[in-house]
Every structure is written in C-alpha cells, then in structure tokens.
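Student: Sequence:
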Amino acid sequence: MRRKRELDGNYSMPNKRRKQEIILLGRSKMGKTTIQNVIYDSLYCPPRSQIRNSTLAPIAQRVGGLNIIDTPDIFDNQNTLSTCHVTQHGLTIDGFQIPFTSGNLPLFGFVFNIRQGINSEDITAILNFKKKFTRFSRKMFWILTHCEEKSENQRLELIEEFFNHSRFMNNHVRQFFERGVLCMGCIRHESLENGNRKALNFEHNQVLQMRAEFIRRCQDNDSAIVIPFTYSSTSRGPSFLRRYCSTDNYWFWFLYILIWCSIPMILFIYVHFPIRCDQKTRLPNAWKNYTEQNQCPAFFY
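What the sequence shown shows, in the working numbering, is residues 1 to 301, in sequence order.
The set of hints was computed from the structure by calculation and includes no laboratory data. Do not rely on the hints blindly, as some may be mistaken.
[To be verified] Straight-line alpha carbon distances no greater than 20 Å define the calculated SDA-like cross-link-like pairs of lysine to any residue that follow:
#	residue 1	residue 2
1	K29	I59
2	K131	T230
3	K132	E160
4	K29	N170
All chains, please: the whole structure from these sequences, using the hints.
Tutor: As structure tokens, then:
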C-alpha cells in the first residue's frame, strides 16, 4: 500500500511555509490522537491495545507548517465544560495552559465520533460547547471521525442529516461552525487483522481524500485570516447570569425588552390619567361604586 501510494502521487504533506495551528477539542476516545497520526502518515492504524487510551495532557505535533494540538476530555459527567476556561493567556483545560501564539486565535476543531450515531446527550454537549466558544466561531471546524467506511456522498448526506436535526436548527449550530465540517478516519484494525485487501484499499483511498481536504482547509487563505484574541472580563461572573443572559436565551431578552418598554407606558398613564380614590377607603372610585351597586361584602372595601 505504501508503494501504491507513492505511485499514485496523490499523497501530500502540509506546506511548511504556511504556519497554522489547530486545537482539537472534544470528549476522550473521539479520535483526536488518531487525527494527529493520520496527518503524519495516512497508513496509520491504531494498535488494538491503545484504542482505549485517553489523552491526559495537551500534546502538540507539528507536521510541516501545521501544528496539531491534542487535548484531554473537556466535558464532565453533566456534559458541561467545567474544566475548560478561556483566560487572558489562552485556553486552560483541566489545569493545563494552551497559549494562543502571537496573541492571535488558532483554528479550533470540535471532534465527534460518528460510529455510535448521535443521541440527546451528545446534542446537549455540542450545544454547551457552542455556548462556551461562541466568540470563536470564525475559527471553528466540526470534525467527524470514523468516516473511513463511508464514501464522499455518504459523508455529505451524514452532515446534512446532523444539521437538519431540530435542536441543531433551532440553535443555529451550522452557523456556529463557520469553517465548515471536516471528515477524518484511519485504516481499521479489523481490516488489517483480517487481511481484507478490498476493505483496506477502500479505507485508505477515503483516508487520502479526507486527509488532503483537512490539510487544504486548515492552510487555505480563509484559515490564514488573522483574528487577534481579546480577553473579555464579561465572561466571568456567576454561571447562572452567563446562562440566562446568553444571546441564545431568547425568552430572557424578550422579557427584558418587554419590561423596559412597559415602564414609560406605565408612567405616561399614571401622569395623564390619574386614578381618583375615595378618601375614606383609599380605593379607586370606580371600584367603590361597583362594589356598592353589586352589594359586595364589606371586606372588599
């Protein structure tokens, strides 16, 4: 397969002159480490003994001009990002600091494993991720892994299926990943172990396509646009304020605007249409007259 790859001439490495950095984020066992290794060598196949290993600290690997940073799990048991924080120096995950080079934003890739499909907990985690990284959307990719068994058309159909989910549409998830969606995979250990030549050739061809697209999109002119990182102290404060005052909480802002618009109206009515009250009961005359005419009990007034 290595000889065939060289003869085909469709194997390329990241351009050394185009310096770019991408931080891979997501749960553990999503394939972040595999992405690093596949960019280094398209024939990479994860050994069975290492399939379940988890990344415990950020690990950077430079391939050509592309610096790929693997990170630990950013989610806790409640699908929130309690150990992941944006600071004035960069990104902190589980106590480990990942500085932003030259004070500019790197690329970000949210990595998701498609092998088990997507469930409600996955969707909740993605929406929580979106809230945390909303201001980085211009540099954000969504990377789907374990796509080596799917053709290009199948991958496109899968992407549309994900984005057409009602919760994704209602929360504008497609718009959040402004750099688009990338697919990645690797040669499956089962195919190599069984000596399935047909499966190996198909999987490697798909890997070559996805790998080339990954490199191209990470080093194109759009990705090279410099966006300075500015740390906003407004990201601090009680978590309930950040949650209810977020731009995605439409009910909060609707009620906020409604209350502020109602205040001038109430003042206008109070000034121009004063309510005349009975001096004895201190009740509005209209109310007192109504209760007397209808012989209401005395405790009404």
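Student: Would you mind marking each hint as holding or not holding in the structure?
Tutor: Consistency of the hints with the structure:
1. K29 - I59: 15 Å, holds
2. K131 - T230: Holds, because 17 Å separates the two Cα atoms, which is no more than 20 Å.
3. K132 - E160: Judged against 20 Å, a Cα distance of about 24 Å means the pair is violated.
4. K29 - N170: 28 Å, violated
Against the hints set out earlier in the document, violations occur for numbers 3 and 4.
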